[in-house]
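So the sequence lines, in the order shown, correspond to chains A and B. In short: position in the first sequence from 1, add 9, done, that's the numbering used here. In short: position in the second sequence from 1, add 9, done, that's the numbering used here.
No false leads were mixed into what you were given.
Given that identical chains are not distinguished, each listed pair holds provided it fits within a single copy or across any two copies.
Subject to a maximum C-alpha distance of 30 Å in a straight line, what follows is the list of computed DSSO-like cross-link-like pairs (lysine-lysine):
| id | residue 1 | residue 2 |
| --- | --- | --- |
| 1 | 26 | 142 |
| 2 | 93 | 224 |
| 3 | 93 | 326 |
| 4 | 183 | 224 |
| 5 | 142 | 47 |
| 6 | 11 | 142 |
| 7 | 319 | 142 |
Just so you know, these hints were derived from the structure itself, not from any lab.
Letter by letter, the chains look like this.
There are 2 protein chains.
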Amino acid sequence: MKDIARDLGVSVITISKVLRNHPDIGDETRERVLTRVKELDYRPNFAARSLVTGRSYLVGLVVPDLLHPFFAEVAKSLSDVLRKNGYYLIVSSSEEDPELEEQEINQLLARRLDTLIVASCRSTVELFFRMEKQEMPYVLLDRQLPGLSANFVGVDDEAVGMLATRHLIEIGCKRIAHIRGPEYSPALQRLEGYKRALTQAGMKIIDDYIIAEAKVDVDSRRHGVEAMGQLLNRKPRPDGVFCLNDPLAVGAMTRALDEGLRIPEDLAIIGCGNLHYDDALRVPLSSVDQQSRRIGEEAARITLRILNSKTTCTPEKVLLEPQLIVRASTQRRAAKHANVRRRHS
Amino acid sequence: MKDIARDLGVSVITISKVLRNHPDIGDETRERVLTRVKELDYRPNFAARSLVTGRSYLVGLVVPDLLHPFFAEVAKSLSDVLRKNGYYLIVSSSEEDPELEEQEINQLLARRLDTLIVASCRSTVELFFRMEKQEMPYVLLDRQLPGLSANFVGVDDEAVGMLATRHLIEIGCKRIAHIRGPEYSPALQRLEGYKRALTQAGMKIIDDYIIAEAKVDVDSRRHGVEAMGQLLNRKPRPDGVFCLNDPLAVGAMTRALDEGLRIPEDLAIIGCGNLHYDDALRVPLSSVDQQSRRIGEEAARITLRILNSKTTCTPEKVLLEPQLIVRASTQRRAAKHANVRRRHS
DNA sequence: CGAGGAAAAGTAATCGATAAAGTCATCGCC
DNA sequence: GGCGATGACTTTATCGATTACTTTTCCTCG
Numbered sequence: 010m011k012d013i014a015r016d017l018g019v020s021v022i023t024i025s026k027v028l029r030n031h032p033d034i035g036d037e038t039r040e041r042v043l044t045r046v047k048e049l050d051y052r053p054n055f056a057a058r059s060l061v062t063g064r065s066y067l068v069g070l071v072v073p074d075l076l077h078p079f080f081a082e083v084a085k086s087l088s089d090v091l092r093k094n095g096y097y098l099i100v101s102s103s104e105e106d107p108e109l110e111e112q113e114i115n116q117l118l119a120r121r122l123d124t125l126i127v128a129s130c131r132s133t134v135e136l137f138f139r140m141e142k143q144e145m146p147y148v149l150l151d152r153q154l155p156g157l158s159a160n161f162v163g164v165d166d167e168a169v170g171m172l173a174t175r176h177l178i179e180i181g182c183k184r185i186a187h188i189r190g191p192e193y194s195p196a197l198q199r200l201e202g203y204k205r206a207l208t209q210a211g212m213k214i215i216d217d218y219i220i221a222e223a224k225v226d227v228d229s230r231r232h233g234v235e236a237m238g239q240l241l242n243r244k245p246r247p248d249g250v251f252c253l254n255d256p257l258a259v260g261a262m263t264r265a266l267d268e269g270l271r272i273p274e275d276l277a278i279i280g281c282g283n284l285h286y287d288d289a290l291r292v293p294l295s296s297v298d299q300q301s302r303r304i305g306e307e308a309a310r311i312t313l314r315i316l317n318s319k320t321t322c323t324p325e326k327v328l329l330e331p332q333l334i335v336r337a338s339t340q341r342r343a344a345k346h347a348n349v350r351r352r353h354s
Numbered sequence: 010m011k012d013i014a015r016d017l018g019v020s021v022i023t024i025s026k027v028l029r030n031h032p033d034i035g036d037e038t039r040e041r042v043l044t045r046v047k048e049l050d051y052r053p054n055f056a057a058r059s060l061v062t063g064r065s066y067l068v069g070l071v072v073p074d075l076l077h078p079f080f081a082e083v084a085k086s087l088s089d090v091l092r093k094n095g096y097y098l099i100v101s102s103s104e105e106d107p108e109l110e111e112q113e114i115n116q117l118l119a120r121r122l123d124t125l126i127v128a129s130c131r132s133t134v135e136l137f138f139r140m141e142k143q144e145m146p147y148v149l150l151d152r153q154l155p156g157l158s159a160n161f162v163g164v165d166d167e168a169v170g171m172l173a174t175r176h177l178i179e180i181g182c183k184r185i186a187h188i189r190g191p192e193y194s195p196a197l198q199r200l201e202g203y204k205r206a207l208t209q210a211g212m213k214i215i216d217d218y219i220i221a222e223a224k225v226d227v228d229s230r231r232h233g234v235e236a237m238g239q240l241l242n243r244k245p246r247p248d249g250v251f252c253l254n255d256p257l258a259v260g261a262m263t264r265a266l267d268e269g270l271r272i273p274e275d276l277a278i279i280g281c282g283n284l285h286y287d288d289a290l291r292v293p294l295s296s297v298d299q300q301s302r303r304i305g306e307e308a309a310r311i312t313l314r315i316l317n318s319k320t321t322c323t324p325e326k327v328l329l330e331p332q333l334i335v336r337a338s339t340q341r342r343a344a345k346h347a348n349v350r351r352r353h354s
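Hey, can you work out the whole structure from these sequences and the hints?
What follows is the structure in structure tokens.
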């Protein structure tokens, strides 16, 4: 920058202004500067700029597992939108381990990112209070935390549970099981939806039909296999299963098929996530779509809103509507529910 | 930092030294500093540090598509290793568009990343020459560029082609087709391997059986469907297909099944990538494993080597050995080839 | 007893930009 | 013709650390 200034006989600040499109500069000078910048293939130093402006143009993303298609999809749409606005994404996975998640967040905080976007697997809010004290803006993804009024983007999880369970009821399932996850909001609310749908239909909630898995985002297929193993021992055997997410459902399906059951005739299975390979599976998997892409886009929108407003804005909660996607794994007879759609992913 | 120094009656430089474990500082002072740092939950400003040291502790990753399980897996293992060494990953996807890729790389260059890791979809080397001129170290992933002696990590693609094609020959296929990709190294070399295997077995190479797809990493399933559509019109119809990658293979499989063909009886299909869902598909998919995780790990290793050595090091090329994974989509009779393994992903 | 040397802390300069305020023409307008 | 407004740049100070030297202290040893 100094060099350019010297070459052109102007001050560095002039260059700086040209590069930031500051109106102060005359057209002729501007041209000359830009030409020289091109010639030298010069780019301003972000670290220096960041030091003085206090902004890094970096957004952090912490998710349990980048390999999980749901998070990969969120990451992708998030990154697309942010990039168009000059922001980049730093990613980090917590492996669904609260300890590791805390470490990662601490590391990222040290880098003075402009915002942090987190799909947290923690159940305590202490960490987030600290972030608020530091005035580090953040957005929660997919999982809410009790007692925290923060920015949040996710799907209406109770509706997910209801949609899936009602669908199973409508196709004639009498003994509906649920493979649930740990103590975080999506798992709890989907469970709630499951129970509510059963109750509304006048069916009993049977604890034996609810299997809890501790980890559902890493190694999910294996957990699904395991959970289904337990369900198959129940007497009488369930004839429909709503799984917290699709990878679990895939595992469950594998196990059931291996045991010689027919899907959906003997056992209907539905998951959640509507992953891109759902329709290419051994039995194409019915699922509740949770709008992964929209989640990423909305999170990006909120992030940009925060970053563009000078003042701290009031937290925003975005709840997206889930959508039932029926495929072979629950196709016993025509489903009657209104909110149904077929889809090739 | 100033505050801490004032509070403790020492100079800022002392604090700085403590935080970097400089040996200059006495134990007692060190303790006092560390205590105060904990109390205030203080973290040094990366931008400032980066400005003076010239290092950002950031590594850039540019891939065609984060949603593609191969790249997601590479990104994950890469990020895991780097993170343990204090580096973070900035990700960006090029959508398999050379223009966009160039823009992205330019953006990332401006940020003075410590290294750039690129799975390039470009066919020209000009961009990389520029990077060399700027002394920006970089590592190529998966795709090599002609005339560029750069760091590279990938699988032996000719071996991939040979392995897959030989396998099809061994299970008795007589008319073996190939769905190939655009003009970049993995596609070309796999094609080469395919041809070589055919020739070695005394079989003719039939151009009609080679279908080229322009894009193979975004929207691959759709392209697979399309390509298989063309193959099914060939007379006589092929009885075995080697697809450049697994998503293409999934698309191809879908199309073939939709046309009422039996897999593998009427048509055997093999892909490449050994994606995590391969064994849960309508017909579990045979594939050539390209060691995604190892690719990420090796790339990370090279990156760290570059970053830890003061001098510029000589470029390193890592070629990993592919491995044949046989599943139902090619299971006509026992395969006889040595390098075979069954695997649950 | 004083030179020499290690240990512990401090000084000054610098990294590459930006923000805010200051300078100096030029110009229009009553 | 003088005054304020506007346009086009420049000056000065600062962001928060680090590096390369100094300085001070104190201890050892010939």
